[in-house]
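Visitor: Below are the chains, spelled out letter by letter.
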Amino acid sequence: MFTTFYRLIKTGFTNFLRNGWLSLASTIIMTLTLITISIFLILNIVLTQGIQTIQDKIDISIYLSDSAKGSKVLDLQKELSNNPDVKVVKYVSKDEAKQRYQEKFANNPQLKESLDDGGDNPLPASLEIKTYNPDKLSTLLPMFEQEKYKNMIRKVSYKENKEVIDRLFKATEFIKKIGWGLAAAFIITSLIIIFNTIRTAIYTHKSEIEIMKLVGANPWFIKWPFLIEGILYGIFGTILALIAISITLRLLSVSFNTYFGSGDTGDQVLGFLMKNLVTLVVLMLGVGITIGVTSSSIAIRKYLKKS
Amino acid sequence: MIYLKDVTKVYDKSKKKALDNISVHIKPKEFVIFVGLSGAGKSTLTKLVTHEEEPTSGKITVGGIDYSKLKKKDVPYLRRKIGVVFQDFKLLPKKTVYENISYALEVAGISNKTIRSRVPQVLKMVGLEGKAKRFPRELSGGEMQRVAIARALIHEPKILIADEPTGNLDPKNAWEIIDLLLKVNEYGTTVILTTHNKEIVNTLKKRVITLKGGKLIKDQEVGRYALQ
Ligand SMILES: Nc1ncnc2c1ncn2[C@@H]1O[C@H](COP(=O)(O)OP(=O)(O)OP(=O)(O)O)[C@@H](O)[C@H]1O
Ligand SMILES: [Mg+2]
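If you're matching them up, the sequences are chains A and B in order.
Under our numbering, the first residue of the first sequence is numbered 1, with each subsequent residue one higher.
Under our numbering, the first residue of the second sequence is numbered 1001, with each subsequent residue one higher.
There's no promise every hint is true.
Unchecked claim - Here are the simulated DSS-like cross-link-like pairs (lysine-lysine), alpha carbons at most 30 angstroms apart as the crow flies:
1) A:223 <-> B:1095
2) A:170 <-> A:130
3) A:213 <-> B:1081
4) B:1090 <-> A:305
5) A:213 <-> B:1090
6) A:98 <-> A:69
7) B:1069 <-> A:305
8) A:305 <-> B:1124
9) B:1124 <-> B:1205
10) A:223 <-> B:1113
11) A:305 <-> B:1095
The hints are simulated quantities; they were obtained by calculation from the structure and are not laboratory data.
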């Protein structure tokens, strides 16, 4: 059993090598296909995550004056919690605000220490609100205009997240469409090119195949080398695509670093890839091998019919 | 061993009958010579026996197997029971003598151990011990024919079909091939030989079946060459 397996793999490899330029063309188109698919997949994931991050951000911050009475703050907090549009209300004390500030500027000692000069903490306490639907932000605003709260509120700030999210959504949809289109075009092209390569391989081995049949070869012994050749395109395509993507990201992160000093977007994407490397490899192998096997199966069915 | 009943073969592309209503019975261990001029239908007949071609009408039974009921997946196993020496050798030019023979075992899933013991045996039997590493282009016609015979014998078939194995050989080489076939027949293999070599037919004194234009015109137990 193992012997036969080994023989089939060996024949598959030999065919792959003998096919020369056609094998090269097939491998290249497979690599391009897998690169295209991966890039759009990564873009899609990064954008979706971006949207998620923005959606998770605080929608409204209510900065409280230092003179605000604790009971009134609690009243407001309660009223907000009871509002069906509000997801979370969180009270951030003055100390907490200071701590956050210091964390934020941890590597900028000048700013960080600006609060440590013994004076009063100038940062206000606040209520942070997350809503279920950024659309409804404006309906909350009248609440803060009420007479009873007016004096204790220093400032209400809310971010116009909706617009950003909408724009990101649109970009994602657009990229998805382009991605699908390009991926489909590349997949069809590789199917055709690999089909052609395998068909040529079958033709060049025509007399050998005939002889194999006449001396009583098992049919799968005739078919499998061509299927293996198709699988090899998937495997080599994956390897080359991975190499190409990592090199590109490396270069990208280097150039990011030169432009933005400590900027590390490329590194981040690279890190993200490393974390999901297994998934990515499995996916690429899956797509690559499926394309290879499909093409060769069609070629085999078409040109190896007679027994 | 081999039954043909009212077998007619018309190839797709032609209207002419390559074989016309042939009925033959070949017994186990027999040595049968099919004689006929070029185009008489000798190769067609051998191709029907190996299931390389299917009859247009009529019934073929080989070793108890009715070909009309033979499943596609069983054809490879049938082919291993029938050794064929092709008119045009059908050797693989890029494989050595040894590989050309071991190949037939490899594609049937035989273990390397068996291959290593069996290939030298058949090479010895056909007298090619010293030429295992040569490529077909480095061999004479007679030697190539021996390789083809060795390959045909590798599965120890019950039937050996040799389609004009002496066609391109000088008399000395031709007779060496015929002697080899006689030896194979003595070991108990049914041998079918096709030829239009008058001297061989008349010297062998075996059963001779004469074909002419696809028709069976003569079937003699101890036959003689009977064409012009
Ligand atoms: N594949 C084919 N397609 C169409 N016609 C064929 C085919 N093979 C053989 N024929 C025809 O069938 C007839 C018998 O051919 P066959 O090859 O059986 O003759 P043969 O007796 O073997 O001749 P030779 O001594 O030249 O080998 C011929 O008329 C030939 O042209
Ligand atoms: Mg012939």
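Visitor: Now look at each hint and say whether the structure bears it out.
Guide: Hints, one by one, checked against the model:
1. At most 30 angstroms may separate the alpha-carbon atoms for a hinted pair to count; residue 223 of chain A and residue 1095 of chain B meet this at roughly 20 angstroms.
2. Between residue 170 of chain A and residue 130 of chain A, the direct Cα distance comes to roughly 23 angstroms. Compliance with the 30 angstroms bound is thereby established for this hinted pair.
3. A distance of roughly 13 angstroms separates the Cα atoms of residue 213 of chain A and residue 1081 of chain B; the hinted pair therefore holds under the 30 angstroms criterion.
4. Our distance criterion of 30 angstroms between C-alpha atoms is met by residue 1090 of chain B and residue 305 of chain A, whose separation comes to about 20 angstroms.
5. For the suggested pair residue 213 of chain A and residue 1090 of chain B, the alpha carbons sit about 12 angstroms apart, so the restraint of at most 30 angstroms is met.
6. Pair hint residue 98 of chain A plus residue 69 of chain A holds up; C-alpha atoms about 20 angstroms apart against a cutoff of 30 angstroms.
7. Simply put, residue 1069 of chain B and residue 305 of chain A have alpha-carbon atoms about 19 angstroms apart, close enough for the 30 angstroms limit, and the pair holds.
8. Distance check on the hinted pair: residue 305 of chain A and residue 1124 of chain B sit about 37 angstroms apart at the alpha-carbon level, beyond 30 angstroms; violated.
9. For a cut-off of 30 angstroms, the pair hint linking residue 1124 of chain B to residue 1205 of chain B stands: about 28 angstroms separates their Cα positions.
10. The hinted pair formed by residue 223 of chain A and residue 1113 of chain B meets the criterion: a straight-line CA distance of about 24 angstroms does not exceed 30 angstroms.
11. Our distance criterion of 30 angstroms between C-alpha atoms is met by residue 305 of chain A and residue 1095 of chain B, whose separation comes to about 25 angstroms.
Comparing the model with each earlier hint shows a violation of hint 8 alone; every other hint is respected.
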